[in-house]
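Residue numbers (this note's numbering), protein chains in the order written: chain Y, 5 to 432; chain A, 319 to 705; chain P, 2 to 523; chain W, 3 to 180.
Treat the hints loosely; a few may be bogus.
To be verified - To give a feel for the contact side, a few chain A residues facing chain P, derived at Cβ under 8 angstroms:
1) V608
2) L613
3) I635
Unchecked claim - From the structure, some residues in chain W lie toward chain Y, with a derived Cβ separation under 10 angstroms:
4) P39
5) F58
6) C65
7) L69
8) I75
9) T76
10) D91
11) E114
12) C126
13) S148
Hints were generated in silico from the structure; no laboratory data involved. Because the structure is a prediction, the values reported are computed rather than measured. Quick reminder that beta carbons are idealized off the backbone N, C-alpha and C, glycines included.
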Amino acid sequence: MNKFDYLIIGNSTAAVGAIEAIRAAGDNGSIGVVAHETEHTYSRPLITYFMAGKVAEENVYYRPGNFYERMGVECMFGRQMKSVDVEGRSVLLEDGERIGYGLLMIAAGGSPIAPPIPGMDRPGVFFMNTMDDARKAKGWLQHNKRAVVIGGGLTGLKTAEALANLGQEVIVVELAPRVLAAAMDEACSELVRQVLVSKGIEILTEVQVTRIDGCDDSNDVCFATLSTGEVISCDTVFMAIGVRPRIELVKDSGIEIGRGILVDRHMRTNIPNVYASGDIAEAFDPLFGGQRVLPILPNAYIGGRVAGMNMTGKEASYNVGMSVNSVNFFGFPFMSAGFATQEEGDGFKVFKKLDGTNYRKIVTRESKLVGMLISGDVERAGLMTGMMRAGVSVEGMEQDLLDGKLGLICLPKDVLEERIHSSGRNWQ
Amino acid sequence: MRDLSMVCNPYNEDKVISACSIFGMMDVSGKPFSGEPVFRAMENMHDRGNGLGGGFAVYGIYPEFPDHYALHIMYTSQAARHETEQYLEPRFLVERSEEIPTRKTDGINNEPLVYRYFVLPKIPKQSEVTEEDFMVEQVLRVNAEIDGAFVFSSGKNMGVFKGVGFPEQIARYFRLEEYQGHIWTAHGRFPTNSQAWWGGAHPFCMLDWTVVHNGELSSYGANRAYLETIGYKCTMFTDTEVLTYAIDLILRREKLPPEIFARVISPPLWEEIDRMPEDERKLQTALRSVYGGLLMNGPFSIVVANGSQMIAVTDRIRLRPLTAATKDSTLYFSSEEASIRLVSLELDHVWTPMGGVPVIGKLGALPVPEQSTKRNYTTSTPVEVAR
Amino acid sequence: MKIEEHQNNNPSKPAQRKASDFKIRSNRLSEFAVQRDYDRCIKCEVCIKQCSFDVHYRDEEDDLIKHRPENCVGCHRCAVMCPTAAISITPNPAQYRAHGSWSGEHVKDINRQAETGGVVLTGSGNDKAAPVYWDRMLINASQVTNPSIDPLREPMELRTYIGAKPASVKVKDGKLASEMPPQIKIQMPILFSAISYGAISYNVQKAIAEAAEELGTLYNTGEGGLHPDFYKYKDNTIVQVASGRFGVHPDYLNAARMVEIKIGQGAKPGIGGHLAGEKVSESVSITRMIPMGTDAISPAPQHDIYSIEDLRMLIFALKEATNYRVPVSVKIAAVHNAAAIASGIVRAGADVVAIDGFRGGTGAAPKAIRDNVGLPIEFALAAVDQRLRDEGIRNQVTLISGGGIRCAADIVKAIALGADAVYIGTAALIAVGCTLCQKCYSGKCNWGIATQNPYLAKRVNSEIAKNRLVNLVQGWSHEIKEMLGGMGINSIESLKGSRSQLRGVGLTSEELDILGIRPAGM
Amino acid sequence: MWRIRAIPEVCIGCGLCRVWCKVEHSDSKNIHKAFKPNAPETISCVELEESGCESFAMQCRQCDEPLCAYGCITGAMTKDPDTGLVTVDKKKCVGCWTCILMCPNGVIKRDERNGRSAIKCDLCKDRGFPSCVEHCPNDALVIEESPMNPLAAHSAPLSGSSRGDENILFSEEVDDDE
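Throw the hints in and build the complete structure from the sequences for me.
Structure (structure tokens):
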């Protein structure tokens, strides 16, 4: 049986974070990576850019071509994990091979949610989750021009933007009353809508696609029927409803799961030599004050890194995980962090300022900053996430925060000293 | 002395510039000897002088007047002599007065009248002034106040003989072959302008103490300012004059030992002082900070003597030559070793003293070469020699 | 003495309000012209931020940086800081009508006083063209007969001991047998003269203290007390006891290597001092032991010294207070009978006499006094040294001269004239950045030197300032060594009082006599 | 590795750091051309922070644990394992500004001059020595030179690095040695 000191399931951001941490810690132990995709590690958020032709294929890759070689990693790509035997410290692959490990990290990510819509299997229906999806869609789109995007979340809208950039007619279908409902409040979501609409994207809300039909002469996508009964003609459908952690991989293994694999602050599962991170993990969110699945890239890297460090025996804790999103549509930037959608009440105070397309909102709880939402002028937005991590009081500074006038100099003396002097190792 | 000083210093220089040959010879057993080897040694260093000054100090030459001060006085006129003798008469008991025997010598011109007086001071009763201070005051007053008179020797049982000419000519002029002494120091002078006068020749004398000096004190102004503040009057504009007063102040008035004198005029560098043992450092720091005005800066080598000792020292960075040597009970100092070898080919020790470190010969004791070839701040133990 | 406080408010004046009630109506021309090369100006606004006199401003409408030359004091901060050298400050080409008797300065001062009825205040040193005698003395050098000494290859000693000296040293058994009065070793004959915390900023005094420490010399607190932070420099501190007695207490006296009684100051002989309340910050008030924001007024005389015997009592009171551990200095302004006064001071028991010439600096002085009262230090020094020598007491005291020492050659000349050491003040401040704009009294010093405004005071980085001071003094020390070597001497004490090393040029025979030097060529 | 550090006590708020940073990061690197009225916008990687009498200049600290790089969605932002410099690869950057949102010091800027890219202090690596430090008139910016923390390498080489100290990233037990 092949055996690795470190076995990593998954080949995305969290895996890279772990690999780099292990090597940075000076550990030369053997590392094996199992991934069901065959790609070199790539940036998942870039696949819409790739599809739109905005990013060349070589730039989609998250790390240089010689990454695995340089890191001394053995790749087992195109292979799927079937189960894990935590007693025997081994992993069984779909193809029947069993691989032993000293330490295991599961970073298999999530899988796209596929709603039970009739016609889902028609040619022209795509997910937007993998490079493979993007490649296939890219080919398809060369001969087609009218697309429906199911889902008005981040992936859906980035897909819509990419499609618009490719000259497609785009209709976004969102079940909620507004787009990006999970990440933004009404005002901000309205700004996003305006940006998208101004670029010719049609947005339908509080509506679902109930079936997808082909044309008479073809099995390919031709019409989408909406829950309103309206039928829209289209030649492509993108499913972007969301992802869910691939927890089925560890079912019955003894590894504790909630909505994702439950991990402690060291990204360790209930099994001592098994770790998890990335979109599959349900980790502690200090701001939120509980375990959460936060499927965003920065957290995946940081979680992977923390896991990697701990696996080599270096004490490290995952204390900075926090919901952060920075996205732009057609160059118009939006950022959110923490309790971005929170409204006044429940101990939260909310301050908002809308000035044309510049929107700024801050959320405080017990005079500490716990959420923010900005559009347009995003200059120095990190100051605010920094304040959120540092847990400093922003009492009396709310207006300055809204006006974007705040600087590091407003931080309490000790925090400021730390910022000026520290080597940037401890971002609590 | 104003007249003479104007004669000697027509350009009113700050100081008269000169360079020289020096020689000293002492029998530490106290046995008198003829000056003949000294004359030869000086003749050998002829080119270190230019004929504008030469002189000798000889100790032990007036054994018949051991307790009388022998005043050698030069006059530019009989009137000056009369005035001086009138001045001396109430202040001294003059045991004998006579013209110093001389001979007409080639190369010696414009010679003054030279007289000597063996005197005892008449110190007023109830006066608190010491005999020595009284003597110094009288000598300085004659030199400063009587035009055309100059006391150039004032010690006991010793005499200075000097004038304008090469030293060997001066020796012949003063018929020095007729004298015997146990210490001889000699000087040949090289002033840089042709004006020279008899009183400006070396040795300089203050009571028993004499000094011959090769060099030029770059610190003349500072030394003079210091000495004048104490009350010395510098009238002759020569650096040897300030040296003489420094000798008078430190050795005669303060009665400090010659080692200390050397450490005043030629002190160690501060960085050396800083490394000294504490007692030494304290002493030397005090000496430098109190007597900083007596630091003789600039090139010099000097031979200082009184009846019982002969001391040679150079400036602290040794810019002028000095060789010391011993043979049996005789101690030699010279600007050039060759002159010593000329006198005594065989020598027990020959050495070059370090800058600022004195070589001291005393009656009954020869210096040890090692004590002046390295810095040594503990009290020296000389080699005892039978007298 | 501030101009603003002397406005005439006539109570019987009918209740009218005119332009002149709101601002001073001025007939004065701007002293300086500001020229901005708009081709070079990048509108970075550095000039605006750097000027505490509000000369530069941004005109939003025209999107240009503009200026108000009438506010300019000619400190050149903006010109130096401008990254494109776009600014030049020049004397205003618009001048008062030329007049052989009424100079522009007279006209301007008359106008100023006609506006305010006050005393014309100024800072920094006398800027009048009275002859600088240092420039009329030339130094000697060795040639053939005595060798010059190369300071790069041979030791060259500048160490100096400050303090009274006994007439002689007693030695017994090869050991020092006499008690030496307190002596302070300094590594070069240069001390930083009295500049108080209050007159200058914390950072500047800190820099000076640290420079003194690094150089192995002394600095002087002036009449400003000793800030608690500066007690650590006690081995390099001279504390001053002056007429206001600010900050004087036993710890203060004992935190120093020397105590100096300040009788007078060269820039303003005969008058006291005035630190405006706005410069009395919290820190200054603690240091001076006076309430914050109140004017610190030093009386003209010391009210316990009305005679020389009073001075003697104070000298010995201070010696008692310091347990005879430190020398006591008495500082006087160079005035006409300085020689006799100095003699009295020595006889009153001072270990050190400091004489401050009329070109010495000040934080604030009436212009009439600064420019017209006192003596050039060269004459005062020569006269004092000669008098003390004539009286036979020169060797027992240390003589420090200050007030207009600008370069190493001035120091060499001062020592040859008879000083043991010199005080430098203005030169030190110039090293720190001072451009002699003479607005010290305003508290708005753009160079961060003569101010307590924290925004301005930060402009002096005490580390940089210290290094610049150290460099200056070391540079001067090198030059002094070169000149000493040139004279063929390798120790500073061999220069002291050696006036024959100097010759005068362009001086009258009386001036030569007073200086005790010969004319050049003789 | 090098870091630039501000010394607020002596920062005089003149803003010359900003001026010279803009010059260095302009196309011409010439102060007059960079600030010409119609020149392309110049970007300063230095933030001058001011409040009353207090001020200091802040630029990238080249963090040992660079959140900007960790958050970078494209892999454009990396910490060089040899020099410790956190750099952005303009060819890879798509301008999502996640780095701006991540950087707690707010010292990453948007550069939209030639396509969108993040721009940040690069220690003037083309120039040899940081221009802001060199032009600071009061030494209120200094270069700190410290050994690379081996754990700080974003992606360290396979061999050659030894195990570093135990005080590391996000650790609760952090004992910061600063």
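For each hint given before, does the structure comply? Return the numbers of the non-compliant ones in rising order.
4, 12
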